[in-house]
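J.: Chain by chain, the residues:
2 protein chains.
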Amino acid sequence: MRIYGNAGSGNCLKVKWCADLLGVPYEWIETDNFAGATRTDDFLAINPAAQVPAVVLADGRTLAQSNAIMLHLAEVAKSPLIPSDLYQRARMYEWLFWEQYSHEPAIAVRRALRHFLRKGDDEIDPELWHKGRRALGRMELQLIGSDFLAGDAFTLADIALVAYTRVAHEGGFDLSDFPAVHAWVHRVEHELGLEPAMEAA
Amino acid sequence: MRIYGNAGSGNCLKVKWCADLLGVPYEWIETDNFAGATRTDDFLAINPAAQVPAVVLADGRTLAQSNAIMLHLAEVAKSPLIPSDLYQRARMYEWLFWEQYSHEPAIAVRRALRHFLRKGDDEIDPELWHKGRRALGRMELQLIGSDFLAGDAFTLADIALVAYTRVAHEGGFDLSDFPAVHAWVHRVEHELGLEPAMEAA
Chain W
97 MRIYGNAGSG NCLKVKWCAD LLGVPYEWIE TDNFAGATRT DDFLAINPAA
147 QVPAVVLADG RTLAQSNAIM LHLAEVAKSP LIPSDLYQRA RMYEWLFWEQ
197 YSHEPAIAVR RALRHFLRKG DDEIDPELWH KGRRALGRME LQLIGSDFLA
247 GDAFTLADIA LVAYTRVAHE GGFDLSDFPA VHAWVHRVEH ELGLEPAMEA
297 A
Chain V
97 MRIYGNAGSG NCLKVKWCAD LLGVPYEWIE TDNFAGATRT DDFLAINPAA
147 QVPAVVLADG RTLAQSNAIM LHLAEVAKSP LIPSDLYQRA RMYEWLFWEQ
197 YSHEPAIAVR RALRHFLRKG DDEIDPELWH KGRRALGRME LQLIGSDFLA
247 GDAFTLADIA LVAYTRVAHE GGFDLSDFPA VHAWVHRVEH ELGLEPAMEA
297 A
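Note that the protein sequences, when read in sequence, are chains W and V. Letter by letter, the first sequence follows residues 97 to 297 of the working numbering. Letter by letter, the second sequence follows residues 97 to 297 of the working numbering.
Chain W with its partners taken away, still in its complex shape (with noise of 0.2 Å):
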């Protein structure tokens, strides 16, 4: 397999680890989507998308969406990472798009602009702190109740939240208020084998 990503990007590295814990042999061709590398013809060949990851899996065929690549990959392995559960696998899935509908957008987005582009807190539109905190007070919810978002197991639900929350301080959000986020994120982190990105809790 072929993973086309950002060393730099959540949503990239979300496949990176997926495949590592699987087993999943690749080849990580960086890709940097801030200097135009994915409106080649090449890369829109791929993805016509034009978004990064995007892979082409062993047989040449092509995907892109970091939670679809993540499905796929677990599904053709067999994983436990996807609960075989109808219900528990329900919640992952409600997990997988509400962050990339209500926090990715948010963190994701407020951290690139702070860590990437340099913005002042006072350049950047109020609405994604306020949307940032609302998506960490959601899982801080979940969080004190379950090991993990979809319950007790360790699913690709944690994979996908825990790879823009471990580096949200660098979006400026504090994970001192909401504790059961920042210990999900070293458990999360465990899993993966990760360096803490984060100081100790």
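The hints are simulated quantities; they were obtained by calculation from the structure and are not laboratory data. Predicted, not measured: the structure shown is a model, and the values here were computed from it. Accuracy of the hints is not assured; some may be wrong.
Note that the list lumps identical chains together, so a pair holds whenever it fits in one copy or between two copies.
Within a straight-line C-alpha distance of at most 25 Å, the following computed SDA-like cross-link-like pairs (lysine to any residue) qualify [claimed, not checked]:
hint : residue 1 : residue 2
1    : Lys112    : Glu223
2    : Lys227    : Leu140
3    : Lys215    : Phe250
4    : Lys227    : Gly119
5    : Lys112    : Glu291
Chain V: place on chain W using the hints.
T.: Using the frame of chain W, we list chain V on its own:
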């Protein structure tokens, strides 16, 4: 099952159409998010994310996120709306996630501003126009080559994407620029037994 939804919202109608198609009995509970009905204590007990649609399943358990609810209903029913081939299924997932990230936030949002909030075109962020047209162009590219989004079979991806595409004209988008999308809208409306939302092509 109880479906909490707003009849003006494509995200909510998706769930209704899917339940109708699968023969899942339900009670529709009209929930006006614009009037604050998703912020009441009763509603937040069902979906702490304060979004419609949300469902209470027959066994009393709750679920949110339109595309997650559709996936769950179709999995329980073992419906061919989810392809059995793993790659076709992955392409369906790709469209479902793309819909929530790249289509709905442009096409549904511009439609809500124009159609429900009666904003003039000059009051609306022009980026929504460009992003919406890019999304329709992405669909056109697929639908020139296949009858449905994930390939030759009608899947949940078509239900998800048709919800706001069939009312894109209410957001100011002219589907005559995207003839394959226009023809597909009528094809999907036929599958769902819906009256055409737009004039005939």
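J.: My question is about Lys112 and Glu291: at a cut-off of 25 Å on alpha-carbon distance, are they close within one copy, between copies, both, or neither?
T.: within (15 Å within a copy, 45 Å between copies)
J.: Should Lys227 paired with Leu140 be assigned to within, between, both, or neither, using CA atoms and 25 Å as the limit?
T.: Between. Shortest inter-copy distance 17 Å satisfies the 25 Å Cα cut-off; intra-copy 32 Å does not.
J.: Given identical chains, is Lys215 near Phe250, meaning Cα to Cα at most 25 Å, within a copy, between copies, both, or neither?
T.: neither (35 Å within a copy, 45 Å between copies)
J.: Between Lys112 and Glu223, at a C-alpha cutoff of 25 Å, which is it: within one copy, between copies, both, or neither?
T.: neither (31 Å within a copy, 31 Å between copies)
J.: How would you classify Lys227 and Gly119 at a CA-CA limit of 25 Å: within, between, both, or neither?
T.: Intra 36 Å, inter 37 Å, cutoff 25 Å: neither.
In summary, the numbered hints that this structure violates are 1, 3, 4.
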